[in-house]
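Which chain is which? The protein sequence lines are W and D, in order. Counting in the numbering used here, the first sequence runs from 1 upward without gaps. Counting in the numbering used here, the second sequence runs from 1 upward without gaps.
No wet-lab data here; the hints were simulated from the structure. Warning: the hint list may mix true and false statements.
[To be verified] If you want the footprint, here are the derived chain D segments under chain W, 3+ residues with CB under 8 Å:
id : segment
1  : 73-86
2  : 125-135
3  : 232-245
4  : 389-401
[Unchecked claim] DEER-style ranges, computed between Cβ atoms:
id : chain 1 : residue 1 : chain 2 : residue 2 : range
5  : D       : 11        : W       : 38        : 39 to 45 Å
6  : D       : 457       : W       : 68        : 31 to 37 Å
7  : D       : 53        : W       : 75        : 41 to 47 Å
8  : D       : 14        : W       : 92        : 41 to 47 Å
9  : D       : 342       : W       : 130       : 25 to 31 Å
10 : D       : 342       : W       : 85        : 38 to 44 Å
11 : W       : 100       : D       : 427       : 46 to 52 Å
12 : W       : 71        : D       : 87        : 30 to 36 Å
13 : W       : 38        : D       : 87        : 50 to 56 Å
14 : W       : 123       : D       : 457       : 47 to 53 Å
15 : W       : 4         : D       : 61        : 41 to 47 Å
Remember, it's a predicted structure, so these values are computed and weren't measured experimentally. Built from N, CA and C at the ideal position, the CB exists for glycine as well.
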Amino acid sequence: MSPLLQFIEDKVQIAALFFMVAVYTIRIFWLFKFRAVRERSLPEGKARAGVAYSLSNVVLPWAMESTRKNPWFYIQFVVFHLGVTAAISATFIIPYAPHWLASSDIVAAFQAVMGAALAVGIWRFIRRLHSPALRAISTPDDFAAILLMIAYFALGILAVPNRAERGEGPMIAFFILTAFFLIYVPFSKISHYLYYPFGRVFLGRTLGRRGVFPVRKSASGRRAEGDQGR
Amino acid sequence: MKNMSPRKRNPVECLPLATGSQEKARGDDLASVYDRRLKTYDPAGDNVRKFLDLLAVRINRSLAVSLVACVHCGMCVDSCHYALTHPGDSTMTPVYKADQIRRIFKRRLDWTGRIVPWWVHAATPASDEDLNRLKNIVFGTCSACRRCTLNCPMGVDTASLVRFTRGLLTELGIVPEGVFNVSRDEWETGNQMAVTPLDYLGTLQWMRDDLRTDPKLSGLEIPVVRPDCDFMYTINPREIKFDPRSIAQAAKIFHLAGERWTLPSAGWDQTNFGMYSGDDRLGGYIARNLYEAAVRLRAGRIVISECGHGFRSTRWEGYTWAEYDQNIPSESVVRTLKRYLKEQRIRVDKSKNALPVTFHDSCNIARSGGMTEEPRWVLNEVCSNFQEMHPNRTENYCCTGGGGLLSMAEYRPLRLESAAVKARQLEATGAKLVCTMCHNCVDGLNDVVKHYKLDMKIVQVLELVENALVY
Ligand code: SF4
Ligand code: SF4
């Protein structure tokens with residue numbers, strides 16, 4: 001492995017990671033500078049149960065009509081984010097635990113997941129271009145995010161075999177893109193994962209206190225089992 | 001707005017700002033205008049700057065998260081009755097509506113939007129015309145039903161963003177005329193239909209006398225300012241002004257249940273236009289009137305008559321707006337009815353309500369109030385043929401009259417177009433009666449039924465319980 005690749009795999013990544021953590025820390029402080037609203041009504045339900053329900057909706061596709069009626073979209077979401085997880089894992093495994101990628105089956109599994117995510121990425125890009133509703137709201141940041149992810153998955157597929165001796169180009173590109181992500185992401189919509197828990201917790205807390213969350217009923221009309229005739 | 005991509009605008013976005021009522025209010029020297037509780041539009045008022053300053057001051061943490069968390073995934077699109085009925089119009093989607101305030105927030109407060117606005121479509125309103133366009137979007141194309149909120153994977157509360165934006169515009173007097181008029185009445189009279197004390201007491205007396213013509217109800221009272229009661233009953237001014245039967249129905253049921261109850265002389269309006277206009281000060285003023293009336297009367301609890309936004313604002317939001325820690329429990333009258341039925345304090349015969357009846361969940365009660373089962377329980381007790389509407393509960397569609405839209409005549413054609421979803425939903429039930437526990441929904445649904453020529457009658461829970469009474 002060349003000193004350049006070694007440097008990019010290790011030092012550059014660590015520096016970029018520190019930058020990202022620092023920016024995110026500032027970002028969270030920035031968010032918490034906005035005043036919190038204190039609820040003054042007496043609760044009907046449990047805020048904690050509401051929060052738990054709200055946070056768990058990511059694994060309960062039947063809980064929201066939007067995912068229940070669009071299973072294909074939900075599957076895309078899962079595949080895409082598994083691809084992201086695989087690509088991010090690869091950035092740690094390649095420099096720090098390369099033996100995990102010694103088996104060709106594991107490499108193939110990584111490539112399959114990222115390949116599927118890449119296909120979803122292309123599909124999402126086309127959808128964003130094609131759907132008038134999405135086009136109307138899409139910003140350069142939205143388009144850049146999806147294009148960058150597509151490129152990232154493609155480079156990840158080439159990099160996971162971790163065979164520097166066969167050519168370092170794809171690996172160098174993969175790690176340069178990783179470092180770029182770490183620096184760029186806090187300023188882009190890709191950092192939605194940072195806000196996700198806050199959004200879900202705030203909504204869950206409000207609706208949990210009111211007894212809206214957890215939704216006690218299926219929308220099908222069956223009587224709530226927990227309804228004890230308050 | 002600066003940096004906005006040119007595209008075809010929805011005609012609703014171009015409706016002008018009507019200020020006739022505002023000019024009259026200024027001319028009449030109304031107290032609320034004079035002491036600046038009620039804001040009027042000043043064309044020379046540097047409104048864009050004021051709007052931006054207000055935005056920065058009023059934004060709170062959960063709204064800020066809703067503003068930064070949207071990933072433009074479009075998952076909320078199919079949850080909105082406006083978007084569903086206007087598939088070719090991208091301005092009808094929840095995310096488009098929320099984006100109109102989001103881009104201003106980004107330009108003013110968010111990092112990327114301040115440095116490279118074009119990258120995230122951040123923009124500042126250029127003129128009052130842009131603010132007026134924003135007014136038409138947040139007041140005219142959204143009933144604040146919160147259906148999109150519950151369908152957003154990120155937890156983005158678009159309905160709250162819409163209300164927040166409405167509140168900023170209300171501070172500048174850039175509001176639909178109907179919103180100004182109702183806010184004026186609330187500030188001036190303490191209730192949203194300008195009911196006078198004479199009208200109020202006269203109607204209560206009339207209902208009492210009417211009920212007493214039934215020999216079995218000869219001792220019935222509709223008490224006002226009776227202290228130390230089990231509960232203080234609060235009503236919608238519409239009940240006084242247009243449909244006092246519901247007061248009579250409630251009074252009859254309370255009497256037969258042997259209840260000790262009272263109405264206050266002031267602070268009886270459980271509705272709250274601050275909820276619709278986004279004006280927390282108005283919301284707090286009306287809510288505080290009511291809470292303090294209950295304290296003065298040493299009432300055991302506050303019971304809220306059938307009203308969706310009244311329930312939500314009195315039971316939940318009003319305490320926050322009024323900065324008032326809840327000290328007396330409160331509940332919807334439907335829960336009170338359920339208790340009477342469970343405790344057998346009233347007797348009913350469900351065969352008296354034999355027509356097929358379905359139930360429409362008010363958005364404010366189901367999605368923002370947490371009450372979906374009690375009305376169904378009661379209806380199953382008092383009706384012999386109850387049929388569920390689909391979807392229902394937290395997934396029900398708005399009556400399309402929510403968000404104060406019934407008071408905004410200029411948006412009526414769009415509202416009725418968007419009601420096609422509701423009309424289809426109602427028709428599919430095959431019911432003859434549509435029951436709802438909201439006066440606003442009664443009017444909204446009546447419009448839908450009339451416009452789409454459905455053979456249905458809109459009723460409320462109290463009416464069906466009263467009709468089933470055996471005494
Ligand atoms: S509001 Fe939620 S569902 Fe709608 S586009 Fe934004 S993130 Fe997606
Ligand atoms: S709150 Fe209701 S009406 Fe408004 S955008 Fe969301 S779904 Fe549509």
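**Prompt:** Given a hinted range of 41 to 47 Å, is it respected by the beta-carbon distance of residue 4(W) and residue 61(D)?
**Reply:** holds, 45 Å
**Item:** Distance restraint hint 25 to 31 Å, applied to the beta-carbon atoms of residue 342(D) and residue 130(W)
**Value:** violated, 55 Å
**Request:** Apply the coverage criterion to the segment 73-86 of chain D and chain W: a residue qualifies when its Cβ sits closer than 8 Å to a Cβ of the chain, and three qualifying residues are needed.
**Result:** holds (count 7)
**Message:** Closer than 8 Å Cβ to Cβ for three or more residues is the test here. Does the segment 232-245 of chain D pass it with chain W?
**Reply:** violated (count 0)
**Asked** Range hint 46 to 52 Å: satisfied by the CB atoms of residue 100(W) and residue 427(D)?
**Response** violated, 60 Å
**Request:** Mind checking the hinted window 31 to 37 Å against the Cβ distance between residue 457(D) and residue 68(W)?
**Result:** holds, 32 Å
**Request:** May I ask you to test the hint 41 to 47 Å on the CB atoms belonging to residue 14(D) and residue 92(W)?
**Result:** Roughly 54 Å apart at Cβ, these two residues miss the hinted range, so it is violated.
**Request:** For residue 53(D) and residue 75(W), compare the CB-CB distance with the range 41 to 47 Å and indicate the outcome.
**Result:** Given about 46 Å between the Cβ atoms, the range holds.
**Asked** Do three or more residues from the segment 389-401 of chain D put their C-beta atoms closer than 8 Å to C-beta atoms of chain W?
**Response** As far as the segment 389-401 of chain D goes, the hint holds, because 6 residues have Cβ atoms under 8 Å from chain W.
**Item:** chain W covers the segment 125-135 of chain D, three or more CB atoms within 8 Å, holds or violated
**Value:** Contact hint for the segment 125-135 of chain D vs chain W: violated, 0 residues under 8 Å.
**Prompt:** When you take the CB atoms of residue 342(D) and residue 85(W), is the distance between them in 38 to 44 Å?
**Reply:** violated, 51 Å
**C-beta pair residue 11(D), residue 38(W): status relative to the range 39 to 45 Å that was hinted** = holds, 42 Å
Violated hints for the displayed structure, listed by number in ascending order: 2, 3, 8, 9, 10, 11, 12, 13.
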